[in-house]
Amino acid sequence: MLAATPALAADGDSTRIDWGPYKVGDVRSGYTFAGAQTRAMQDDEFQNPAFLWLERGMDIWETPAGQAGKACTDCHGDAEESMAGVAARYPIYFEDWDKLMNIEQRINWCRENQMQAEPFKWETDEMLGITAFVKHQSKGMPVDVSIEGPAHEFWEKGKAFYETRRGQLDLACTHCHVDNEGNLIRAETLSQGQANGFPTYRLKWQTVGSLHRRFRGCNKNIRAEPYGYGSDEYTNLELYVTWRGNGLPVESPSVRK
Amino acid sequence: AAATTGPATAGDSAPEYTVVDGYTIPEPLTETPGDPVMGRKWVINRKLGNCLSCHQMPIPEEQFHGETGPALYGVGDLYDAGELRLRMVDPKVLNPYSMMPAFYKTEGLHRVRTGFEGKTILNAQQVEDIIAYLMTLKDTSGARAAADN
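Chains as they are written, first to last, in the numbering used here: chain A, 1 to 257; chain B, 1001 to 1149.
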């Protein structure tokens, strides 16, 4: 499991904190840029507001739904076993679609094809809850997405998105999350923009939100037209962003400012 | 002197300016001289200049000055009005890799959000007001103190 409180130690970055698993080489989780209070809130499951969504997810796991009358657990059994490590390797290349599939899309694939149930809508408490629940089963395991084989061309597209200037402010993700990591932009300390904590409880949102919601926010802040939840553009971007953080522990559900 | 003229499009806020020798826009964008008091307001305003998101400036009543760009203490001594105008209008003429937005340009942008297409971030008078304000920044002594805060 993850260290609850990072101990003080001399370290290469400008802080004196030993970030333990949250820092792998130069790759740092958003956790290491968050304030002490925010980190404490994430670490304590009684304080972490996202645990309410996890409970919701656990209910969904066990409750039959759809024409097939099945629950997730009927096919997958104990989530602690069957789902351990799954989130660490998504998004994956999904042959039937000839494109990428992330966890939210996998869950809806199961609902539609295995359960004959309506897909969950993005950003509903149901979708956030079951996504957080599935990802939480990989908590502490290192992110390890593959960009080999057919996934590679989608990684390339995500990389191009990441490096392209957009919006009236004409900024790329790189300007903030690569060139200015650790710098203040007004009152916000820029992190590397890692994906390993999603879905995340954001104090500003007062709710849990998906990685694609965060992408939309970062796009809108620079007055760029956002893409849709679950769009190919954002799923490709998700692969690139997640790959940047290979080696970081899955942290879901994290807490951020 | 080699001069390139900025894009002229239809509409009131159509950016029109002339870059001279690739480093300055000597001609003001408006007839009305810039007002430094208004300029100070525009640089703070988060929907307009929002310059404090990236720059430290001698504006002590505002908390949290950003640090992705250089501190602007003394910048009125470093450049003249024409050089500052180019830096406001289109800093990418000087540095194509710049993080700083072009505040008076509408061309060459990608996927601008609905409602902002074809619009400049600042209007011509606001640019002139900000230049007038920047020209008052002659003193570099506060910069260190701000950075130490």
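Rather than coming from a laboratory, the hints here were simulated on the basis of the structure. No experiment lies behind these values; they were computed from the predicted model shown. Do not take every clue at face value.
Here are the computed lysine-lysine pairs in the DSS-like style, where the Cα-Cα straight-line distance is at most 30 angstroms [as the list claims (entries may be wrong)]:
| no. | chain 1 | residue 1 | chain 2 | residue 2 |
| --- | --- | --- | --- | --- |
| 1 | A | Lys99 | A | Lys159 |
| 2 | B | Lys1138 | A | Lys257 |
| 3 | A | Lys220 | B | Lys1047 |
| 4 | B | Lys1119 | A | Lys220 |
| 5 | B | Lys1092 | A | Lys159 |
| 6 | B | Lys1041 | B | Lys1138 |
| 7 | B | Lys1138 | B | Lys1047 |
| 8 | A | Lys157 | A | Lys121 |
| 9 | B | Lys1092 | B | Lys1047 |
| 10 | A | Lys220 | B | Lys1092 |
| 11 | B | Lys1138 | A | Lys157 |
| 12 | A | Lys204 | B | Lys1041 |
| 13 | A | Lys157 | B | Lys1092 |
| 14 | A | Lys139 | A | Lys99 |
| 15 | A | Lys204 | B | Lys1047 |
| 16 | A | Lys204 | A | Lys139 |
| 17 | A | Lys99 | A | Lys220 |
| 18 | A | Lys204 | B | Lys1092 |
| 19 | A | Lys157 | A | Lys70 |
| 20 | A | Lys99 | A | Lys70 |
| 21 | A | Lys159 | B | Lys1119 |
| 22 | B | Lys1047 | A | Lys257 |
| 23 | A | Lys70 | A | Lys159 |
| 24 | A | Lys220 | B | Lys1041 |
Against the structure, the hints come out as follows:
Distance restraint check for Lys99 (chain A) and Lys159 (chain A): the Cα-Cα separation of roughly 16 angstroms lies within the 30 angstroms cut-off, and the hinted pair is therefore satisfied. Of the supplied pair hints, the one linking Lys1138 (chain B) and Lys257 (chain A) is violated, its CA atoms being roughly 37 angstroms apart against a limit of 30 angstroms. Under the criterion of a C-alpha separation no larger than 30 angstroms, the hint pairing Lys220 (chain A) with Lys1047 (chain B) is consistent with the structure, at around 13 angstroms. Straight-line distance between C-alpha atoms of Lys1119 (chain B) and Lys220 (chain A) comes to about 16 angstroms, which keeps the hinted pair within the 30 angstroms bound.
The straight-line distance between the Cα atoms of Lys1092 (chain B) and Lys159 (chain A) is roughly 23 angstroms, inside the 30 angstroms bound, and the hint therefore holds. Note on Lys1041 (chain B) and Lys1138 (chain B): the hinted pairing holds, with a Cα-Cα distance of about 18 angstroms set against a maximum of 30 angstroms. For the suggested pair Lys1138 (chain B) and Lys1047 (chain B), the alpha carbons sit about 26 angstroms apart, so the restraint of at most 30 angstroms is met. As the CA atoms of Lys157 (chain A) and Lys121 (chain A) are separated by approximately 25 angstroms, the hinted pair is consistent with the 30 angstroms bound.
About 21 angstroms separates the Cα atoms of Lys1092 (chain B) and Lys1047 (chain B), which keeps this hinted pair within 30 angstroms; it holds. About 22 angstroms separates the Cα atoms of Lys220 (chain A) and Lys1092 (chain B), which keeps this hinted pair within 30 angstroms; it holds. A distance of roughly 47 angstroms separates the Cα atoms of Lys1138 (chain B) and Lys157 (chain A); the hinted pair therefore is violated under the 30 angstroms criterion. At most 30 angstroms may separate the alpha-carbon atoms for a hinted pair to count; Lys204 (chain A) and Lys1041 (chain B) meet this at roughly 26 angstroms.
Distance check on the hinted pair: Lys157 (chain A) and Lys1092 (chain B) sit about 25 angstroms apart at the alpha-carbon level, within 30 angstroms; holds. With a CA separation close to 26 angstroms, the supplied pair Lys139 (chain A) and Lys99 (chain A) stays within the 30 angstroms bound. Restraint check for Lys204 (chain A) and Lys1047 (chain B): the C-alpha separation of about 19 angstroms stays at or below 30 angstroms, so the hint holds. The hinted pair formed by Lys204 (chain A) and Lys139 (chain A) meets the criterion: a straight-line CA distance of about 24 angstroms does not exceed 30 angstroms.
Distance check on the hinted pair: Lys99 (chain A) and Lys220 (chain A) sit about 26 angstroms apart at the alpha-carbon level, within 30 angstroms; holds. Note on Lys204 (chain A) and Lys1092 (chain B): the hinted pairing is violated, with a Cα-Cα distance of about 33 angstroms set against a maximum of 30 angstroms. With a C-alpha separation of about 37 angstroms, the suggested pair Lys157 (chain A) and Lys70 (chain A) falls outside the 30 angstroms cut-off, and the hint is violated. About 27 angstroms separates the Cα atoms of Lys99 (chain A) and Lys70 (chain A), which keeps this hinted pair within 30 angstroms; it holds.
Only pairs whose Cα atoms come within 30 angstroms are accepted, and Lys159 (chain A) paired with Lys1119 (chain B) is accepted, the gap being roughly 29 angstroms. For the proposed pair Lys1047 (chain B) and Lys257 (chain A), the alpha carbon gap of about 21 angstroms is at most 30 angstroms, so the pair holds. Only pairs whose Cα atoms come within 30 angstroms are accepted, and Lys70 (chain A) paired with Lys159 (chain A) is rejected, the gap being roughly 39 angstroms. Distance hint between Lys220 (chain A) and Lys1041 (chain B) is fulfilled; the C-alpha atoms sit about 24 angstroms from each other, no more than 30 angstroms.
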